[in-house]
Amino acid sequence: MTERGPRRRVVVTGLGVLASCGIGKDAFFAGLSGPAAVGPQSVGAFDPAGWFDPKEARQTDRFAQLSVAAAALALDDAGELGADPWRVGVIFGTGTGGLATIQEQMILLVAKGPRRVSPRLVPMMMGNAGAAAISIRFGLHGPCETVVTACASATHAIGQALRLVGDGRCDAVVTGGAEAAISRSGGLDPIGIAAFGNMTALSTSGHSRPFDRRRDGFVIAEGGGALVLEELGHAVSRGAHVYAELLGAASTADAFHITAPAPGGEGAVACMELALADAGIGAAEVAQINAHGTSTPLNDLAEAEAIEKVFGRPGPPVTSIKGVTGHSLGAAGALEAIASVLSIEGGLIPPTAGLEEQDPEIHLDIVTGAARAFTPGPVLSNSFGFGGHNGCLVFGPVSP
Amino acid sequence: MGDDATFEKFKKCAVDVLQVPEDKVVPEASFSNDLNADSLDLVEFVMALEEAFSITVDETELDGIDTIGQAYDLVVSKL
Numbered sequence: 001m002t003e004r005g006p007r008r009r010v011v012v013t014g015l016g017v018l019a020s021c022g023i024g025k026d027a028f029f030a031g032l033s034g035p036a037a038v039g040p041q042s043v044g045a046f047d048p049a050g051w052f053d054p055k056e057a058r059q060t061d062r063f064a065q066l067s068v069a070a071a072a073l074a075l076d077d078a079g080e081l082g083a084d085p086w087r088v089g090v091i092f093g094t095g096t097g098g099l100a101t102i103q104e105q106m107i108l109l110v111a112k113g114p115r116r117v118s119p120r121l122v123p124m125m126m127g128n129a130g131a132a133a134i135s136i137r138f139g140l141h142g143p144c145e146t147v148v149t150a151c152a153s154a155t156h157a158i159g160q161a162l163r164l165v166g167d168g169r170c171d172a173v174v175t176g177g178a179e180a181a182i183s184r185s186g187g188l189d190p191i192g193i194a195a196f197g198n199m200t201a202l203s204t205s206g207h208s209r210p211f212d213r214r215r216d217g218f219v220i221a222e223g224g225g226a227l228v229l230e231e232l233g234h235a236v237s238r239g240a241h242v243y244a245e246l247l248g249a250a251s252t253a254d255a256f257h258i259t260a261p262a263p264g265g266e267g268a269v270a271c272m273e274l275a276l277a278d279a280g281i282g283a284a285e286v287a288q289i290n291a292h293g294t295s296t297p298l299n300d301l302a303e304a305e306a307i308e309k310v311f312g313r314p315g316p317p318v319t320s321i322k323g324v325t326g327h328s329l330g331a332a333g334a335l336e337a338i339a340s341v342l343s344i345e346g347g348l349i350p351p352t353a354g355l356e357e358q359d360p361e362i363h364l365d366i367v368t369g370a371a372r373a374f375t376p377g378p379v380l381s382n383s384f385g386f387g388g389h390n391g392c393l394v395f396g397p398v399s400p
Numbered sequence: 001m002g003d004d005a006t007f008e009k010f011k012k013c014a015v016d017v018l019q020v021p022e023d024k025v026v027p028e029a030s031f032s033n034d035l036n037a038d039s040l041d042l043v044e045f046v047m048a049l050e051e052a053f054s055i056t057v058d059e060t061e062l063d064g065i066d067t068i069g070q071a072y073d074l075v076v077s078k079l
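Residue numbers (my numbering), protein chains in the order written: chain A, 1 to 400; chain B, 1 to 79.
Next comes chain A alone, as it looks inside the complex (with noise of 0.2 Å):
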């Protein structure tokens, strides 16, 4: 065990999800049994007229809408807070922002000149919009921030918000993260996928096979995921349902190269060591992964690799949500950290859909099939972004 400080208990007490495997918790659990994902992943059921009037939706980007959906869903899930708003944060991650709206506008610059472009186009585009959103939509008034670290920054994000919890700044932080980077824009195809495609990190087949030998990339989605972050003691004197705690959370950078992780997975192994450290717990005691599992050849073999010099040879059982719902990059580290905490309430482990013949490079424990029953235990949630940015989360059943 290793000594921490002296930190407030940190607990989830709201759930929000919208993916293309389901909207709502409950929808999306199901849904991470379901089969695997072939081409891009959209939330096609999404209707933001749930959520904005016509004009509020014109006037936001689809990732910010996401954003706010998440996050209703998440507090209406969680209960009346009974917060001084003042103490309520929200701390929210997406990797591109507003890329529609940019596309949008781009092609109306080119068209028409620069005074055809929009007013909205700065507040619609930026990465901030969608933490903004939340803030103002629910009257939030703690700190407001937002995460930008490719494909871990809902996971970071989530990683801050339980130190503003725990350090005892806000009682309660709506925290996760929203991507929308594959919608056509001003006629055209999107140019997001254009340009994951073109840096040969889309899967060529389209078909999403984490740890499977015939892996070739990653199959693209949009979606939004939030957790309402209580402290304990607060959660607990409003009678609030407490889904699990969050027990620790780590961030590194591999300091190597944009888009290629480092060699060995060195950023990665500390991280997930320091984020079992700062849990307080040691490598023995954690019950399950749900691994960042893109379905890239570099990052599952790389992944694979980092789990193994922490955990030993099988080590605890591990799964890719992302054979379902695909990568929503921003976004991915919040419906991983959702699928984690549901699995813990349900005592499942959702199965890595798509992986039919592990690569034989690969020594892990990986759920396939069916979801597997598991006793309750600490799980620990990886992401990894371009750029090097390493983040874990360990969720953990609450106990006494």
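Treat the hints as calculated values from the structure; they're not laboratory data.
There may be inaccurate statements among the hints.
[As the list claims (entries may be wrong)] Partial list, derived from the structure: chain A residues whose beta carbon lies under 10 Å from chain B:
| no. | residue |
| --- | --- |
| 1 | Ala27 |
| 2 | Ala57 |
| 3 | Pro119 |
[Said to hold, decoys possible] Think about it this way: if two alpha-carbon atoms lie no more than 25 Å apart in a straight line, the pair counts; the simulated DMTMM-like pairs of lysine to aspartate or glutamate are:
| no. | chain 1 | residue 1 | chain 2 | residue 2 |
| --- | --- | --- | --- | --- |
| 4 | A | Lys55 | B | Asp34 |
| 5 | A | Lys112 | B | Glu61 |
| 6 | A | Lys55 | A | Asp26 |
| 7 | A | Lys55 | B | Asp66 |
| 8 | A | Lys55 | B | Glu51 |
| 9 | A | Lys112 | B | Asp34 |
| 10 | A | Lys55 | B | Asp16 |
| 11 | A | Lys112 | B | Glu50 |
| 12 | B | Lys12 | A | Asp53 |
| 13 | B | Lys78 | B | Asp58 |
| 14 | A | Lys112 | B | Asp16 |
| 15 | B | Lys24 | B | Asp38 |
| 16 | B | Lys12 | B | Asp73 |
| 17 | B | Lys11 | A | Glu56 |
| 18 | A | Lys112 | B | Glu51 |
| 19 | B | Lys24 | B | Asp34 |
| 20 | A | Lys55 | B | Asp3 |
| 21 | B | Lys24 | A | Glu56 |
| 22 | B | Lys11 | B | Glu61 |
| 23 | B | Lys12 | B | Asp23 |
| 24 | B | Lys24 | B | Glu61 |
| 25 | A | Lys309 | B | Asp63 |
| 26 | B | Lys9 | B | Glu50 |
| 27 | B | Lys9 | B | Asp63 |
| 28 | B | Lys11 | A | Asp53 |
| 29 | B | Lys12 | B | Glu59 |
| 30 | B | Lys9 | B | Glu59 |
| 31 | A | Lys112 | A | Asp53 |
| 32 | B | Lys12 | B | Glu22 |
| 33 | B | Lys9 | B | Asp73 |
From the three backbone atoms N, C-alpha and C, an ideal C-beta is built for every residue, glycine too.
Go by the hints and put chain B onto chain A.
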């Protein structure tokens, strides 16, 4: 002075940009009080009018414009 067709075209811009019902677009309607329009909405509205009527409106010309009627008169003065 503008005719009915001109006002209809003007009204369509207001409905599209400000997302208000047609019957709210009346001369005495105030942008801030009746149409819930902020300063960025006004800029967008003027851009739509410039496009629809092939006119140019200088920013300084918007000083003191607070109602649909005032904005419409400004447009008509440029046709």
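Now for the hints, and whether the structure bears them out:
With 10 Å as the threshold, the beta carbon of alanine 27/A stays out of range of chain B, its nearest partner Cβ sitting at about 31 Å, so the hint is violated. Annotation: alanine 57/A was flagged as interfacial toward chain B, and the flag holds, the nearest CB pair being 9 Å apart, inside 10 Å. Interface restraint check: proline 119/A against chain B, minimum CB-CB distance 4 Å, threshold 10 Å, status holds. For a cut-off of 25 Å, the pair hint linking lysine 55/A to aspartate 34/B stands: about 15 Å separates their Cα positions.
Of the pairs offered as hints, the one joining lysine 112/A and glutamate 61/B holds, with about 22 Å between alpha carbons and a cut-off of 25 Å not exceeded. At most 25 Å may separate the alpha-carbon atoms for a hinted pair to count; lysine 55/A and aspartate 26/A exceed this at roughly 31 Å. A C-alpha spacing of about 20 Å is found between lysine 55/A and aspartate 66/B, which places the hinted pair at or below 25 Å, so the restraint holds. Restraint check: the Cα-Cα separation between lysine 55/A and glutamate 51/B comes to about 20 Å, which is no more than 25 Å; the hinted pair holds.
Annotation: proposed proximity of lysine 112/A to aspartate 34/B is violated, straight-line Cα distance about 31 Å (limit 25 Å). Restraint check for lysine 55/A and aspartate 16/B: the C-alpha separation of about 9 Å stays at or below 25 Å, so the hint holds. At roughly 12 Å between alpha-carbon atoms, lysine 112/A and glutamate 50/B fall within 25 Å of each other, so this suggested pair holds. For a cut-off of 25 Å, the pair hint linking lysine 12/B to aspartate 53/A stands: about 18 Å separates their Cα positions.
Pair hint lysine 78/B plus aspartate 58/B holds up; C-alpha atoms about 11 Å apart against a cutoff of 25 Å. For the given pair, lysine 112/A sits about 19 Å from aspartate 16/B by alpha-carbon distance, which is consistent with the 25 Å threshold. A hinted pair counts as satisfied when its Cα atoms are at most 25 Å apart, and lysine 24/B with aspartate 38/B qualifies at roughly 16 Å. Using a Cα cut-off of 25 Å, the hinted pair lysine 12/B and aspartate 73/B holds, with the two alpha carbons roughly 16 Å apart.
A C-alpha spacing of about 20 Å is found between lysine 11/B and glutamate 56/A, which places the hinted pair at or below 25 Å, so the restraint holds. Restraint check for lysine 112/A and glutamate 51/B: the C-alpha separation of about 10 Å stays at or below 25 Å, so the hint holds. Between lysine 24/B and aspartate 34/B the alpha-carbon distance is near 8 Å, which keeps this suggested pair within the 25 Å criterion. For the hint pairing lysine 55/A with aspartate 3/B, the CA-to-CA distance comes to about 28 Å; that exceeds 25 Å, so the pair is violated.
Restraint check: the Cα-Cα separation between lysine 24/B and glutamate 56/A comes to about 18 Å, which is no more than 25 Å; the hinted pair holds. Only pairs whose Cα atoms come within 25 Å are accepted, and lysine 11/B paired with glutamate 61/B is accepted, the gap being roughly 20 Å. For the hint linking lysine 12/B to aspartate 23/B, the alpha-carbon distance of about 11 Å falls within 25 Å, and the restraint holds. For the hint pairing lysine 24/B with glutamate 61/B, the CA-to-CA distance comes to about 24 Å; that is within 25 Å, so the pair holds.
Our distance criterion of 25 Å between C-alpha atoms is broken by lysine 309/A and aspartate 63/B, whose separation comes to about 67 Å. Between lysine 9/B and glutamate 50/B, the direct Cα distance comes to roughly 12 Å. Compliance with the 25 Å bound is thereby established for this hinted pair. Between lysine 9/B and aspartate 63/B the alpha-carbon distance is near 23 Å, which keeps this suggested pair within the 25 Å criterion. Our distance criterion of 25 Å between C-alpha atoms is met by lysine 11/B and aspartate 53/A, whose separation comes to about 20 Å.
At roughly 22 Å between alpha-carbon atoms, lysine 12/B and glutamate 59/B fall within 25 Å of each other, so this suggested pair holds. Among the hinted pairs, lysine 9/B with glutamate 59/B is consistent with the structure: their alpha-carbon atoms are about 22 Å apart, no more than 25 Å. For the hint linking lysine 112/A to aspartate 53/A, the alpha-carbon distance of about 29 Å lies beyond 25 Å, and the restraint is violated. Our distance criterion of 25 Å between C-alpha atoms is met by lysine 12/B and glutamate 22/B, whose separation comes to about 8 Å.
A distance of roughly 14 Å separates the Cα atoms of lysine 9/B and aspartate 73/B; the hinted pair therefore holds under the 25 Å criterion.
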